[in-house]
Structure formats: C-alpha cells, structure tokens
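Just so you know, the protein sequences line up as chains A and B, in that order. If you're matching positions, the first sequence starts at 1 in our numbering and goes up one per residue. If you're matching positions, the second sequence starts at 1 in our numbering and goes up one per residue.
Just so you know, these hints were derived from the structure itself, not from any lab. One or more of the hints may lead you astray.
Stated by the list, open to error - With a straight-line Cα cutoff of 20 angstroms, these simulated EDC-like cross-link-like pairs (lysine to aspartate or glutamate) come out: (1) Lys10/B x Asp5/A; (2) Lys83/A x Glu83/B; (3) Lys138/B x Glu239/B; (4) Lys32/A x Asp12/B; (5) Lys62/B x Asp66/A; (6) Lys157/B x Asp5/A; (7) Lys80/A x Glu83/B; (8) Lys157/B x Glu84/A.
Said to hold, decoys possible - For each label pair, taking beta carbons as the anchor points, the in silico distance ranges come out as: (9) Lys121/B x Asn82/A: 30 to 36 angstroms; (10) Val37/A x Ile118/B: 45 to 51 angstroms; (11) Asp66/A x Glu194/B: 32 to 38 angstroms; (12) Lys83/A x Lys31/B: 34 to 40 angstroms; (13) Lys55/B x Leu52/A: 46 to 52 angstroms; (14) Asn69/A x Ile184/B: 24 to 30 angstroms; (15) Glu194/B x Glu41/A: 39 to 45 angstroms; (16) Asp185/B x Asn34/A: 28 to 34 angstroms; (17) Phe49/A x Asp185/B: 33 to 39 angstroms; (18) Thr187/B x Asn69/A: 31 to 37 angstroms.
Predicted, not measured: the structure shown is a model, and the values here were computed from it. Every residue gets a Cβ at the ideal spot worked out from N, C-alpha and C, and that includes glycine.
Residue-level listing of the chains:
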Amino acid sequence: MYKLDLDKLISTIKQQKAKQVLIQLPDGMKQKANLVVDAVEEQTSAKAFIWLGSCYGSCDLPLGMDILNIDLVVQWGHNKFNKEMW
Amino acid sequence: MPRLLLLDAKWDGELKLTKTLKDHLKKTKIKSIDLFASTQFAEIENLLKEFKKLKIKVNIQKAKRTNKPLQILGCDCYPDSFEKTLKSDMILYLGDGMFHPKALILAVDRPITIFDPISDKIKVVDRKDLQRELNKKKANLKIYLNSDKIGILVTIKPGQQYFLAAKKLKQQLEKEDKNAYIFIDDTLNPSHYENYPFIQCWVNTACPRIGTDDIVNINQPMINLRDALDPSRAFVELEK
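So here's chain A without its partners, still in its complex pose:
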C-alpha cells in the first residue's frame, strides 16, 4: 500500500558504502521490516537491523547508534521538519 522505495534505499547504501544499516518503520509498515532487511542483505554487503520501538516522525530518531557502529539510519514515512525554538 505504501512504497518502500527499495531502489533508493539500495542505491544510497551502495553510494555511501554503509556497512550497518538501521531500519526504522512506522507502525503501519513494521510488518514489512523483514522484506527490507532481506533486500538490503541480498543486494548489498551491508547488514541491516530493525528498530523495535516508536517511529512517530523525523523528530523521533533512535539515539546511541554510534555505540553499535550503525552508519546509516533509514526512516520511512516522514520527511524534514522545522524544529520550533523556545
């Protein structure tokens, strides 16, 4: 129902020479996480991992990924936003 845009994902991984990729999907797309991992690991030399938790927006990015040497975080369903300043 919603496009996974795997071509763009695969080309970005190859272009950036990413080795470890974290996949973050909104609730409505989480059931496709295995398809994304399979595509990444079949079509690139990168390893892919799935973020278990929330994905409410681009304001909701996983933290601490550098500890695990994740070099690319991919989030679906959202785009850039302007953070309000207080």
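Chain A is already provided as a structure; the job is to place chain B on it using the hints.
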C-alpha cells in the same frame, strides 16, 4: 553519528477525484478549499486539475513545522501553526488515520473534512470529537496553576529536546515561589510518572501531542511546555 535517509513512503495508489469526493463537494456547494495532506498523499497534480474544472479555488500553504507546502504534521496543532488564516469554505485533509487531522482540529475550531483515498471515504470531524482531550486539557491547566511541585519532562531525542526551555520554565516557576524539578529520559513513559508521587503536575516539553492525545490515558495531570509558559494564552486558545 550515523547518516540519515528519510523515505516518504508514498501511497502506491493514484489520488483522484472519486465519485464520493465529487458528490460531497457538490452537495456542500463550496467554492474554496484549504488543502492539507500527509506526505504519503502529497502528489495532488491530477486532483488540482479536477478541482479547477469544478471551479473550486484551492488554497495551499506551508504549516510552521513542515518543510513543504500542503503537508501537515501532528505538531502543527496550535492556532499560530499556519502562515495564513484558514478561511476557505472547507478545510480538506487527504490521508488516512486521525493523527494529522486532529492537529487541524486542535489548531482551528472549524469542521475538518477528511478524504481517505485508500477507503474512498469521507468523514467530517470537529472539536466535539476531541471533547475528552479538550476537557482534560482545561482541567490540567487549572491543576498546573494551583500546583506547587511541578515536574518538567525533557527527552534527549534531538528533534523534541527542549532542555534550555525546561530550565527557563524552572526559573520562571521558582520566581513564582514554586518548586520545579527537571526529569530527563529518552522516551517518555507514563508508567514512570507514578514513581514520583510528590509531583502535582507534569509539564511535557517533548512532542506537543503527548500533552493532548495522551493525557486522557494517564492519571497524572500534564500540560505542554507552550501552555506552561503562557497559561492565559492556553485558556484563550482552548476557547477559540
């Protein structure tokens, strides 16, 4: 720091003026539309052509926190979230679910027409559909004003992190002879609040929808940072 790739996850269907939508527009006899969509349904070229044929003027604007015109985010939920006042005959949202249209309802006290392109269904919603949330929000504001011990919640998620604003609020509250305590976490989990029973009211500085949608599911009173900084404005906005 890892690099970031954001993928829109566009809907794989074709957005068009279905009979359902066309009949609804004809029935309501509207001449203008303020149009919004979630990013999945933002390819509207064909739809715009159809609106033109029906002589309906379409007004599209960029909400404050979005990066593109047309798009609406859940956090664009305040009257000042839009550059221009929404004064078309109809506010039309294209998309599925209630999260984004709820932002529009919270921002403007007008009916919002939702067209779900997947189910080809139309629904009209307004503030009556959010009465529980709005009543709780008003009650929590009153509790906040009467509280002496206030807990300010800060997330470390960069997109929602307002540590400086939390410190500013703490100072403001201390000037009013209140005790304020700042709590830091990554994901704000309501089950943790009950470990601090001395807190009379919580202030959420993260996603503003926590202080609207989630307050009906927790026992502890909570308000949003914006409302804590200016409670008088918050009361006015609730009446708008």
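Going through the hints against the structure:
Straight-line distance between C-alpha atoms of Lys10/B and Asp5/A comes to about 9 angstroms, which keeps the hinted pair within the 20 angstroms bound. Among the hinted pairs, Lys83/A with Glu83/B is consistent with the structure: their alpha-carbon atoms are about 16 angstroms apart, no more than 20 angstroms. Among the hinted pairs, Lys138/B with Glu239/B is consistent with the structure: their alpha-carbon atoms are about 10 angstroms apart, no more than 20 angstroms. This hinted pair checks out: Lys32/A and Asp12/B have alpha carbons roughly 15 angstroms apart, not beyond 20 angstroms.
Of the supplied pair hints, the one linking Lys62/B and Asp66/A is violated, its CA atoms being roughly 34 angstroms apart against a limit of 20 angstroms. Distance restraint check for Lys157/B and Asp5/A: the Cα-Cα separation of roughly 26 angstroms exceeds the 20 angstroms cut-off, and the hinted pair is therefore not satisfied. Simply put, Lys80/A and Glu83/B have alpha-carbon atoms about 18 angstroms apart, close enough for the 20 angstroms limit, and the pair holds. Straight-line distance between C-alpha atoms of Lys157/B and Glu84/A comes to about 14 angstroms, which keeps the hinted pair within the 20 angstroms bound.
Restraint check, Lys121/B to Asn82/A: a C-beta distance of roughly 32 angstroms satisfies the suggested window 30 to 36 angstroms. Between Val37/A and Ile118/B the C-beta distance comes to about 26 angstroms, which lies outside the given range of 45 to 51 angstroms. About 33 angstroms separates the C-beta atoms of Asp66/A and Glu194/B, a value consistent with the hinted range of 32 to 38 angstroms. Range check, Lys83/A to Lys31/B: about 36 angstroms between beta-carbon atoms, so the 34 to 40 angstroms window is met.
About 50 angstroms separates the C-beta atoms of Lys55/B and Leu52/A, a value consistent with the hinted range of 46 to 52 angstroms. Evaluation of the 24 to 30 angstroms hint for Asn69/A and Ile184/B yields a pass: the beta carbon distance comes to about 25 angstroms. Separation of Glu194/B from Glu41/A is about 42 angstroms and conforms to the stated range, judged on CB atoms against 39 to 45 angstroms. A C-beta distance of roughly 30 angstroms is found between Asp185/B and Asn34/A, which places it inside the suggested range of 28 to 34 angstroms.
Against the hinted window of 33 to 39 angstroms, the Cβ-Cβ separation of Phe49/A and Asp185/B comes to about 23 angstroms, which falls outside the hint. In this structure the supplied range 31 to 37 angstroms is violated for Thr187/B paired with Asn69/A, their Cβ-Cβ distance being about 23 angstroms.
In terms of the numbered hints stated before, the structure departs from hints 5, 6, 10, 17, 18, listed from lowest to highest.
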